[in-house]
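Asker: One letter stands for each residue in the lines below.
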Amino acid sequence: MSTVKTQVSPAQAQVTFIASSIGKKIFMATTGLFLFLFVSGHMVGNLQIFLGQDQLNTYAQALKDLPALIWPVRILMFIFFAVHIWRGIQLYFENKFSRPISYACNATVQAPLSSRTMIFSGAGILLYVVYHLLHFTFITTNPQYAGLHDTVGRHDVYSMVIFGYQNVAISVVYLVAMFSLCYHLSHAIPSFMQTIGLNNEKWEPRLKALGYLIAIVIFFGYSVIPAAVLSNLIVLPEGVH
Amino acid sequence: MNFKLHVWRQKNAAAKGRMEQYEARDINADMSFLEMLDVVNEDLVEKGIDPIHFDHDCREGICGACSLVINGLPHGGMTGTTCEVRMRLFKDGSTIYVEPFRAKAFPVIKDLTVDRTSIDRVMQAGGFVSTHTGAAIDANAILVPKDKAEEAMDAAACIGCGACVAACKNASGMLFVAAKVSQLALLPQGQAERERRVNKMVAMMDIEGFGNCTNYYECEAVCPKDISVKFIAKMNREYMRALVK
Amino acid sequence: MKLDSKVPSGPLEQKWQKHQFEMKLVNPANKRKYSAIVVGTGLAGASAAASLAELGYEVKAFCFQDSSRRAHSIGAQGGINAAKNYQNDGDSVYRLFYDTIKGGDFRSREANTYRLAEVSNNIIDQCAAQGVPFAREYGGTLANRSFGGAQVSRTFYARGQTGQQLLLGAYSALMRQVGLGKVTMYPRTEMQDVVLIDGHAKGIVVRNMVTGEISSHAADAVVLATGGYGRVFYLSTMGLGCNVTAAYRAYKKGALFANPCFTQIHPTCIPHTGDYQCKLTLMSESLRNDGRIWVPKTKDEQRAPGQIPENERDYYLERKYPSFGNLAPRDISSRSAKEACDEGRGVGPSRYGVYLDFSDAINRLGKDVIEERYGNLFEMYELINDENPYEVPMRIYPASHYTMGGLWVDYNLMSNIPGLHVIGEANFSDHGANRLGASALMQGLADGYFVLPYTIGDYFAREGAKNISTERPEFREAEEAVAMRIKKLLDVGGKQTPDSFHKRLGLIMWEKAGMARNEKDLKEALQEIPALREEFWNDVNVLGSADEMNMNVERAARVADFLEFAEIFCLDALDREESCGAHFREEHQTDEGEAVRNDKKYAYVAAWEHKGVGQKPELHKEDLQFESVQLATRSYK
Numbered sequence: 000m001s002t003v004k005t006q007v008s009p010a011q012a013q014v015t016f017i018a019s020s021i022g023k024k025i026f027m028a029t030t031g032l033f034l035f036l037f038v039s040g041h042m043v044g045n046l047q048i049f050l051g052q053d054q055l056n057t058y059a060q061a062l063k064d065l066p067a068l069i070w071p072v073r074i075l076m077f078i079f080f081a082v083h084i085w086r087g088i089q090l091y092f093e094n095k096f097s098r099p100i101s102y103a104c105n106a107t108v109q110a111p112l113s114s115r116t117m118i119f120s121g122a123g124i125l126l127y128v129v130y131h132l133l134h135f136t137f138i139t140t141n142p143q144y145a146g147l148h149d150t151v152g153r154h155d156v157y158s159m160v161i162f163g164y165q166n167v168a169i170s171v172v173y174l175v176a177m178f179s180l181c182y183h184l185s186h187a188i189p190s191f192m193q194t195i196g197l198n199n200e201k202w203e204p205r206l207k208a209l210g211y212l213i214a215i216v217i218f219f220g221y222s223v224i225p226a227a228v229l230s231n232l233i234v235l236p237e238g239v240h
Numbered sequence: 000m001n002f003k004l005h006v007w008r009q010k011n012a013a014a015k016g017r018m019e020q021y022e023a024r025d026i027n028a029d030m031s032f033l034e035m036l037d038v039v040n041e042d043l044v045e046k047g048i049d050p051i052h053f054d055h056d057c058r059e060g061i062c063g064a065c066s067l068v069i070n071g072l073p074h075g076g077m078t079g080t081t082c083e084v085r086m087r088l089f090k091d092g093s094t095i096y097v098e099p100f101r102a103k104a105f106p107v108i109k110d111l112t113v114d115r116t117s118i119d120r121v122m123q124a125g126g127f128v129s130t131h132t133g134a135a136i137d138a139n140a141i142l143v144p145k146d147k148a149e150e151a152m153d154a155a156a157c158i159g160c161g162a163c164v165a166a167c168k169n170a171s172g173m174l175f176v177a178a179k180v181s182q183l184a185l186l187p188q189g190q191a192e193r194e195r196r197v198n199k200m201v202a203m204m205d206i207e208g209f210g211n212c213t214n215y216y217e218c219e220a221v222c223p224k225d226i227s228v229k230f231i232a233k234m235n236r237e238y239m240r241a242l243v244k
Numbered sequence: 000m001k002l003d004s005k006v007p008s009g010p011l012e013q014k015w016q017k018h019q020f021e022m023k024l025v026n027p028a029n030k031r032k033y034s035a036i037v038v039g040t041g042l043a044g045a046s047a048a049a050s051l052a053e054l055g056y057e058v059k060a061f062c063f064q065d066s067s068r069r070a071h072s073i074g075a076q077g078g079i080n081a082a083k084n085y086q087n088d089g090d091s092v093y094r095l096f097y098d099t100i101k102g103g104d105f106r107s108r109e110a111n112t113y114r115l116a117e118v119s120n121n122i123i124d125q126c127a128a129q130g131v132p133f134a135r136e137y138g139g140t141l142a143n144r145s146f147g148g149a150q151v152s153r154t155f156y157a158r159g160q161t162g163q164q165l166l167l168g169a170y171s172a173l174m175r176q177v178g179l180g181k182v183t184m185y186p187r188t189e190m191q192d193v194v195l196i197d198g199h200a201k202g203i204v205v206r207n208m209v210t211g212e213i214s215s216h217a218a219d220a221v222v223l224a225t226g227g228y229g230r231v232f233y234l235s236t237m238g239l240g241c242n243v244t245a246a247y248r249a250y251k252k253g254a255l256f257a258n259p260c261f262t263q264i265h266p267t268c269i270p271h272t273g274d275y276q277c278k279l280t281l282m283s284e285s286l287r288n289d290g291r292i293w294v295p296k297t298k299d300e301q302r303a304p305g306q307i308p309e310n311e312r313d314y315y316l317e318r319k320y321p322s323f324g325n326l327a328p329r330d331i332s333s334r335s336a337k338e339a340c341d342e343g344r345g346v347g348p349s350r351y352g353v354y355l356d357f358s359d360a361i362n363r364l365g366k367d368v369i370e371e372r373y374g375n376l377f378e379m380y381e382l383i384n385d386e387n388p389y390e391v392p393m394r395i396y397p398a399s400h401y402t403m404g405g406l407w408v409d410y411n412l413m414s415n416i417p418g419l420h421v422i423g424e425a426n427f428s429d430h431g432a433n434r435l436g437a438s439a440l441m442q443g444l445a446d447g448y449f450v451l452p453y454t455i456g457d458y459f460a461r462e463g464a465k466n467i468s469t470e471r472p473e474f475r476e477a478e479e480a481v482a483m484r485i486k487k488l489l490d491v492g493g494k495q496t497p498d499s500f501h502k503r504l505g506l507i508m509w510e511k512a513g514m515a516r517n518e519k520d521l522k523e524a525l526q527e528i529p530a531l532r533e534e535f536w537n538d539v540n541v542l543g544s545a546d547e548m549n550m551n552v553e554r555a556a557r558v559a560d561f562l563e564f565a566e567i568f569c570l571d572a573l574d575r576e577e578s579c580g581a582h583f584r585e586e587h588q589t590d591e592g593e594a595v596r597n598d599k600k601y602a603y604v605a606a607w608e609h610k611g612v613g614q615k616p617e618l619h620k621e622d623l624q625f626e627s628v629q630l631a632t633r634s635y636k
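If you read the protein sequences in the order shown, they are chains R, B and V.
Per numbering that gives the first Met the number 0: the first sequence = residues 0 to 240.
Per numbering that gives the first Met the number 0: the second sequence = residues 0 to 244.
Per numbering that gives the first Met the number 0: the third sequence = residues 0 to 636.
One chain only, chain R, in its complex shape (with noise of 0.2 Å):
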């Protein structure tokens, strides 16, 4: 203890950029802002039900008609999604240790309860883009949606939505994951900045406030679908039933 000794000498302390802890963070920043955009052209290609079961079908076709797209992207995701989540994972426990023994009196200044539970609200959107793929992407859940298909003969992702959200416990459980989503992107948002360096004293307050703006926007962007349905003012085309 009285001597200054640790296995590695200060002058020799070396860790590589993907190891190092702003190494993670700027992994953590980076794939999480490639999940945002995602997460955001989404949301634009659902708000397209809107516009009725012929275009939104036509979309759902268009995007299945360009598999040299589809298939880059959907890998892509699942890399940047699995390293979001292993990424997170790390840190979480790298954290938890970092602090053996905990407080006996906890107190918190100012950092929000997002920031805090970002392992959870992250854990909760997994799950659901688990349900959500069986949902509506491979049909698993649901098989009878498989046999949707419009006046043309493409696959009726406009029913299909409708059928879902018609079922109130789905359109809950949807609810509660768009808030998870919001509530994780409110804290992401301004901690993406900061993590790339772009936040000084006078942007603080304005980062933060974009982060809730941006999160509501992609919450009711999102949720105003299965109120939608549930509200009827997007119905079933008729014929269908």
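There are no misleading hints in this set.
Computed beta-carbon distance windows for the label pairs:
#1 N310(V) x E200(R): 48 to 54 Å
#2 A480(V) x Q89(R): 52 to 58 Å
#3 T94(B) x Q86(V): 55 to 61 Å
#4 W85(R) x A13(B): 32 to 38 Å
#5 F37(R) x A140(B): 53 to 59 Å
List time: in silico BS3-like cross-link candidates among lysine-lysine, alpha-carbon distance up to 25 Å:
#6 K207(R) x K168(B)
#7 K181(V) x K30(V)
#8 K610(V) x K522(V)
#9 K10(B) x K487(V)
#10 K101(V) x K5(V)
#11 K502(V) x K522(V)
#12 K494(V) x K10(B)
#13 K103(B) x K168(B)
#14 K487(V) x K252(V)
#15 K46(B) x K494(V)
#16 K522(V) x K251(V)
#17 K46(B) x K486(V)
#18 K95(R) x K168(B)
#19 K486(V) x K10(B)
#20 K487(V) x K46(B)
#21 K15(B) x K95(R)
#22 K615(V) x K522(V)
#23 K201(R) x K145(B)
#24 K147(B) x K201(R)
#25 K101(V) x K319(V)
#26 K103(B) x K95(R)
#27 K46(B) x K502(V)
#28 K610(V) x K487(V)
Treat the hints as calculated values from the structure; they're not laboratory data.
As the structure is a prediction and not an experimental result, all values here were calculated from the model.
Every residue, glycine too, gets a C-beta built ideally from N, C-alpha and C.
Using the hints provided, position chains B and V relative to the given structure of chain R.
Answerer: Below, chains B and V alone, put in the same frame as chain R:
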């Protein structure tokens, strides 16, 4: 004033510690928190009980030695350091929790005393300008714009107390390291070793077992010298800059 | 014993240059064969340890704090002087030298003081190169301010943190050398004794404050940079860990203690409010630029300050010193405050305080201007006292602040024990009987960066590398003596805490050997101190054991040394039958209360040699030769 204290007692680094209860009686409202502990200690010694050990020295908020977590917040979460906290800020008759700074990088030595030499080792890795005595040119030959000098001073004001680490939910040392990296990155004197410095200091910080920053900003909230988290953003920038340079 | 100051011959301006050339050098390839121990890592110690390691010597550095960065050098707020003349206001090395020697009331060694002024410029260059964030002008050049009543603007500063920033500069240089493996750092380690081999200081015995382990370290030279002994007054502006132990143990091993009675009292501290207090907080002297100091004219005044009419107030400094008024020098201002309080006219709960009133300044300049100038100080005051100084006058009182006395050293900063070097506040050399504001930082760094690295090389080159082993009997004996002493403390098994003895000692010192001294008081103190010491050794209560972290042992051991040291302090004050600088003997004053110096009889350094505890130490005199300056009498009327 009277208080009920819950204080962490631990005989030495290897021993298991626990919270113990003490009474602080007839406390003057003008006392500092440490003077209150002095009174409690004199009382303990008279009873033949080992007094509560804690680090302290200047007692005026500048040396950075004092290091208590009071009611869950380093330095009580108030203006300045623990030695500047006055008892009038507490409610008479209340219960106060007193714990050591807790982090893997700050092991407890005894009671409330922790080993913060990890901070020194991070400094040893790169928290300096490599200039040997006698090599300096005339001070006015290095011009430093006033705003840069002021900003560097904002960062340099860090007293190395470690409250940022103790406050961080992840026990991260980023604010402390960022303050030094930023101070020297802002000044012309620090340019020659700019990339090397940030690489080395971050590496040593990680090796010492500090946690990762997840942007809670609790560090900034308890910093007795009001160091801004903008310096963490700056260090992140410096680190990326060093990668591509 | 003949005290040889080893001041080189020749004109004052050329002495240091000449000496540098005449000193022997150690071949660069041989430097690693020499080792040095540096005790204390504040400004002087950290700068010395780093500079010695840069030269190639093997260095071991020790401090009792948990890190070198916590040394009490950080307490200095105001700034650091240098004769750069950046302001074109007529400053020069000679002027800084003259101001320093005059400020010290002609009781310092001329050649040392001149060298201090000479290297002051290099210090600023060095610190700027390290990245110390000095205040700057818009053009990017360094800013200066006038400080402590100096007629030129020569003080460099970094907000109110100059000491902290300069120490961080030296600390970073030290950390760099630790990282490179050239310095081994021992924090939380307290020096217990110096070990002499064949009359030369070749090592130390230390106690590990975490484990209680006592161990020895050997080297070719020992450097003490252990600061001042102001805590002999118990209440002071110093850090609570500051102590006399290292210097005093060296004294007991034969090093001479010079001018111990030269202690500076700072006039603007926050008064103490109760017995629980162990530390007084210093507020910048700059407050006196706009504040007016007063006490009520009548004794035991009970009214609130606002209700005391103008004609019942005594603005005593303005009355007694019309031309300097509230800006009268530190010692005059401090003494006047104590006089007023001793007359029963003090204010505040303890009645030991005087008002520092800003109401006139606020009326004249507006609250905004005052806030801009002193906002942070006012905040600090309010935090501590719960009174708003914009509305209620501040209360201030003097407190022990700096000690000019210290171990005797020659021009090479080596004590009379060969190999034992003493730097910074721990030595006596540069400030004489009083120190100017912003000069403490200057001296610490001058010694550490620019003097010791040269002079220690001369000692090494003359003596050769000895490669001494700590297995030698001298080390064993010293270790045993240290262990015995700690055991003795633990075995007393009395009732009173070490701190209670320290408090009582402080009170004796403050009352009888503080700001104003007289023969009767000093003689009483010399009766009371040994009695208190005896009571200490019979009734001190030191809990716990020696082989653990134990604050009781640490404190008791330091208090025990203060209890012995206080005696030479008082003896020195008694011997110096004159008033000079911060040393004011009531018998030696003019009718108007001005200090009367006696250059015929007392133009010497009083260096005391230990003759045993309780025995009168032997006084050795180093006569001060002034070749370049005329001894003048200061006047602040």
